[in-house]
Amino acid sequence: MPFVPHTEDEVREMLATIGVNSVDDLFAEISADMRPKSFDIPEGLSEMEVLSKLEALAAKNATDSVSFLGAGFYDHYIPAAVDALTMRGEFYTAYTPYQPEASQGTLQAIFEYQTAVTRLLGMECANASVYDGGTALYEATMMAVRKTRRRKIVVSEGLNPIYRVMLGSYTTNLDVDLVTVPHKDGQTDLAGLKNALDDSTAAVLVQNPNFFGSINDLTELFAAAKAVKAVSIMSVYPVLQTLLKTPGEMGADIAVAEGQSLGMPLSFGGPYLGIMTCTKEMVRQLPGRIVGRTTDTEGRTGYVLTLQAREQHIRRQRATSNICSNQSLCALRALVHMCALGEMGLKRAARVSMERAHICAERLTAIPGVEMLTKGTFGNEFAVTLPVNAFEAIDKLAERGYIPGFPLGRYFEGLENGLLVACTEKTSEEQIGIFAEMLRGALK
Amino acid sequence: MKTIFEQSVAGREGCWPCEGMAEEAYIPKDLLRDGDIGLPSVSELDVVRHFTKLSQLNYSVDSNFYPLGSCTMKYNPKFTEVAAALPGFTRLHPVMPQLRGAGGLCQGALEVMYEIERLLCEITGMAAYTMHPMAGAHGELTGVMLMAAYHRDKGNKKTKVIVPDSAHGTNPASAAIAGFEIVSVESKDGIVDPAALEKVLDDEVAGMMMTCPNTLGLFEKNLPEVVRMLRKVDALLYYDGANLNAIMGKMRVGDVGFDIVHWNVHKTLATPHGGGGPGSGPVGVSERLVDYLPISRVRKREDGQFFLDYDFPKSIGYVAPFYGNFGVYLKAYAYVLRLGGAGLTRASENAVLAANYMRKRLSSHFEVPYNRTCMHEFVISASPQAHKGVHALDFAKGLLDKGYHAPTIYFPLIVPEAIMIEPTETENKETLDKFCDDLIELAEMVDSNPEALTSAPVNLPVTRLDETKAARSMELTDDL
Numbered sequence: 049m050p051f052v053p054h055t056e057d058e059v060r061e062m063l064a065t066i067g068v069n070s071v072d073d074l075f076a077e078i079s080a081d082m083r084p085k086s087f088d089i090p091e092g093l094s095e096m097e098v099l100s101k102l103e104a105l106a107a108k109n110a111t112d113s114v115s116f117l118g119a120g121f122y123d124h125y126i127p128a129a130v131d132a133l134t135m136r137g138e139f140y141t142a143y144t145p146y147q148p149e150a151s152q153g154t155l156q157a158i159f160e161y162q163t164a165v166t167r168l169l170g171m172e173c174a175n176a177s178v179y180d181g182g183t184a185l186y187e188a189t190m191m192a193v194r195k196t197r198r199r200k201i202v203v204s205e206g207l208n209p210i211y212r213v214m215l216g217s218y219t220t221n222l223d224v225d226l227v228t229v230p231h232k233d234g235q236t237d238l239a240g241l242k243n244a245l246d247d248s249t250a251a252v253l254v255q256n257p258n259f260f261g262s263i264n265d266l267t268e269l270f271a272a273a274k275a276v277k278a279v280s281i282m283s284v285y286p287v288l289q290t291l292l293k294t295p296g297e298m299g300a301d302i303a304v305a306e307g308q309s310l311g312m313p314l315s316f317g318g319p320y321l322g323i324m325t326c327t328k329e330m331v332r333q334l335p336g337r338i339v340g341r342t343t344d345t346e347g348r349t350g351y352v353l354t355l356q357a358r359e360q361h362i363r364r365q366r367a368t369s370n371i372c373s374n375q376s377l378c379a380l381r382a383l384v385h386m387c388a389l390g391e392m393g394l395k396r397a398a399r400v401s402m403e404r405a406h407i408c409a410e411r412l413t414a415i416p417g418v419e420m421l422t423k424g425t426f427g428n429e430f431a432v433t434l435p436v437n438a439f440e441a442i443d444k445l446a447e448r449g450y451i452p453g454f455p456l457g458r459y460f461e462g463l464e465n466g467l468l469v470a471c472t473e474k475t476s477e478e479q480i481g482i483f484a485e486m487l488r489g490a491l492k
Numbered sequence: 506m507k508t509i510f511e512q513s514v515a516g517r518e519g520c521w522p523c524e525g526m527a528e529e530a531y532i533p534k535d536l537l538r539d540g541d542i543g544l545p546s547v548s549e550l551d552v553v554r555h556f557t558k559l560s561q562l563n564y565s566v567d568s569n570f571y572p573l574g575s576c577t578m579k580y581n582p583k584f585t586e587v588a589a590a591l592p593g594f595t596r597l598h599p600v601m602p603q604l605r606g607a608g609g610l611c612q613g614a615l616e617v618m619y620e621i622e623r624l625l626c627e628i629t630g631m632a633a634y635t636m637h638p639m640a641g642a643h644g645e646l647t648g649v650m651l652m653a654a655y656h657r658d659k660g661n662k663k664t665k666v667i668v669p670d671s672a673h674g675t676n677p678a679s680a681a682i683a684g685f686e687i688v689s690v691e692s693k694d695g696i697v698d699p700a701a702l703e704k705v706l707d708d709e710v711a712g713m714m715m716t717c718p719n720t721l722g723l724f725e726k727n728l729p730e731v732v733r734m735l736r737k738v739d740a741l742l743y744y745d746g747a748n749l750n751a752i753m754g755k756m757r758v759g760d761v762g763f764d765i766v767h768w769n770v771h772k773t774l775a776t777p778h779g780g781g782g783p784g785s786g787p788v789g790v791s792e793r794l795v796d797y798l799p800i801s802r803v804r805k806r807e808d809g810q811f812f813l814d815y816d817f818p819k820s821i822g823y824v825a826p827f828y829g830n831f832g833v834y835l836k837a838y839a840y841v842l843r844l845g846g847a848g849l850t851r852a853s854e855n856a857v858l859a860a861n862y863m864r865k866r867l868s869s870h871f872e873v874p875y876n877r878t879c880m881h882e883f884v885i886s887a888s889p890q891a892h893k894g895v896h897a898l899d900f901a902k903g904l905l906d907k908g909y910h911a912p913t914i915y916f917p918l919i920v921p922e923a924i925m926i927e928p929t930e931t932e933n934k935e936t937l938d939k940f941c942d943d944l945i946e947l948a949e950m951v952d953s954n955p956e957a958l959t960s961a962p963v964n965l966p967v968t969r970l971d972e973t974k975a976a977r978s979m980e981l982t983d984d985l
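As given, the protein sequences belong to chains Y and U, one line each in that order.
Residues in the first sequence are numbered consecutively from 49, following our numbering.
Residues in the second sequence are numbered consecutively from 506, following our numbering.
Looking at chain Y on its own, in the form it has when it is part of the complex:
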């Protein structure tokens, strides 16, 4: 039987030491009326059988298609070093570093991760990862509510609609008001957001680039938020952040991101990585694990989990959040990814992705009836309007192995013809050409 080492003799010895006759005696407190009514689990399989079953399931997924899907989740190249290093058992099979002396590897890695993401986002402090970009945004919102003791949250409709729906679910039972400021033809409505701010506002939530790929300078909006003592929360796309003016430079109090594109495979939605950063002023509201540098009794440098008095295992119902297990291994992947590519490699990925997207946009808008929806500056993702319902176009191309993008009509009424298209450095110019020709054909 797999993974249990005890021989029959050993089991007998152990039972004798305990002073019972059988293993069943150890479960005597579970009375007959509490026993399972059924336990119909198939018989175990060999390792080889399990793997061939899963290989067959994996083969049912069409992962050989060429995809222009993004919507916040991107297929960037992951250097081989990322898997090789993060799969080391010493990292992989360790737990939360409760005993710092025996966990310096994990702790220093987290400290370095905190350093890397704060530099990338131009912020001062970071936690050691929450579940994903969406829960990070929710946690950021709750930080603002605690800090300001106010209840109105001004939300840009340019935020990823999935995250907006999540925010709604999480705040249903809470004394929090979500006020959504509509997008303007795919652009973040900066004036509208500014107008919605008042002295009951806890936070303003903006995404940059927004869901439609459009990029803005939010400096003035955040200054206006500061003027009414509201917290500025910015959700960003970390790879593009190598080039763009940072949340820190724009004056954000909290900056969050989905970290998937920093070394996590798409993996059908998880595990991903919630990046959370903030100013020093907000750090005591920051949920989850944080690592600090200190010294040992001999004066040597070492690392520990710090500011734990905010946490659930000490503060129980008064904790800043309930986060216990987190995404540490994903944070490690992000760190190794950033280090392996280095400053220049990450910029290279961002620039090439952006160039491909601009080439793609040019090719697509050369097709009669296809117009840019995203105006002004964009990075590696943009939206176009088609002369037909986007779902129709997707159906036609998907049949031929090309997934053209995300249909905006799924979340935005009136944008049924809108298609969100993403490129990364993995998208070749040849693929872009084929995609454009296929779309031209499909729209005839």
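Mixed in with the good hints, there may be bad ones.
Reference excerpt, derived from the structure (chain U facing chain Y, CB under 10 angstroms, subset only) [said to hold, decoys possible]:
1. Y531
2. L537
3. P592
4. A614
5. T675
6. R804
7. R806
8. N954
9. E956
10. P962
11. T982
To be clear, the hints were calculated from the coordinates, so they are not data collected in a lab.
Keep in mind it's a predicted model, so treat the numbers as computed, not measured.
No residue lacks a Cβ here, since even glycine has one placed at the ideal position from N, Cα and C.
Position chain U against the provided structure of chain Y, taking the given hints into account.
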């Protein structure tokens, strides 16, 4: 050890993700960031050496016995990694099934979701599961949100959630974050006391969160009585599945009357997670809560095709952007397929056997506050030793010196000087014996050489670290 930032040399390049270096022409100057980022400029070999050395500063299940109570640090078989790394899964974009008709492009992944849900239902006796929660505590929050939705839908006015004093700290935190007031109930002889429960139970109670076996490792014998009492006030019973490793095949929480349960599949179903995550915290519910589960839900058509269904008007909505930590529960699925029903039961039996064996062996040298049959873990107390100046913390550090990860200490909060040990089913008898011998040796040193304990560890890369200084100086990043 130098940080990777200290090793950076301007101009040194790491690996290139691609050829070419496009211009920045697409972004106007006023939207560009100012100056360098400050990420390391290092070679790939620098990176490989650095992280290999870092990994060697860690204790892990692959290298050390890790009897960390309530964390179920069992051995995680390696084949599940092969399964999770199959490109047919890792390359799948999560919005794929949301494109009309494109569910056909990810039938394999949807089938995994469908099948693991079915298996979890059978193991726990629940009606349905959501795989979305991304950790145990995330599952708790989801569970409490389900509780709220149920009562709101029925028009019940409920404001309180009962949490026993032996519960994990995440339980009260989750219920509070969902908007409930927390009522604590005291244990008697280590388990929930129906008389104490009676005193705090009223119509305003939305539900109660229980762990069984609880964090003392004890089985909650009064469970049927507790269920009856809660039903009377239409309160729901929540099962914290962190300790499910003790009861697979022995009790199904659905059969005994729980309405909500979360798993920590990364614990019970052996999916390793580095440094504390990622995990996966699926939530199962009884029939009366099915309508409130998060969307989407995976369904099977009559023709055998799988699809995602979003049409659940009473749903609590989205708790996650997609379908949870797919890669993590995929490993759990592989593990359940490998073990089968008999293997799961055997895992629980041997986890309980090992814990009772160690409890018995250690009971001659430590105070065992509840010295009766335990489940997969047990708590000893260093109270007698603490009177002589040697505390639970010192034993933990002494064990580190001997090459073990320390047990959980000072938890549960209701036992002074608690040391909570969970050996799991995968450690052989030699390891269990050696650990007991070594811990007993430490206990004997309390009289002969207490300083050896209070100054431990001395064999590790660092000695005791100053946590107060870390909190005061708040050095949270590597400033240049």
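In rising order, the numbers of the hints this structure does not comply with:
6, 7, 8 and 9
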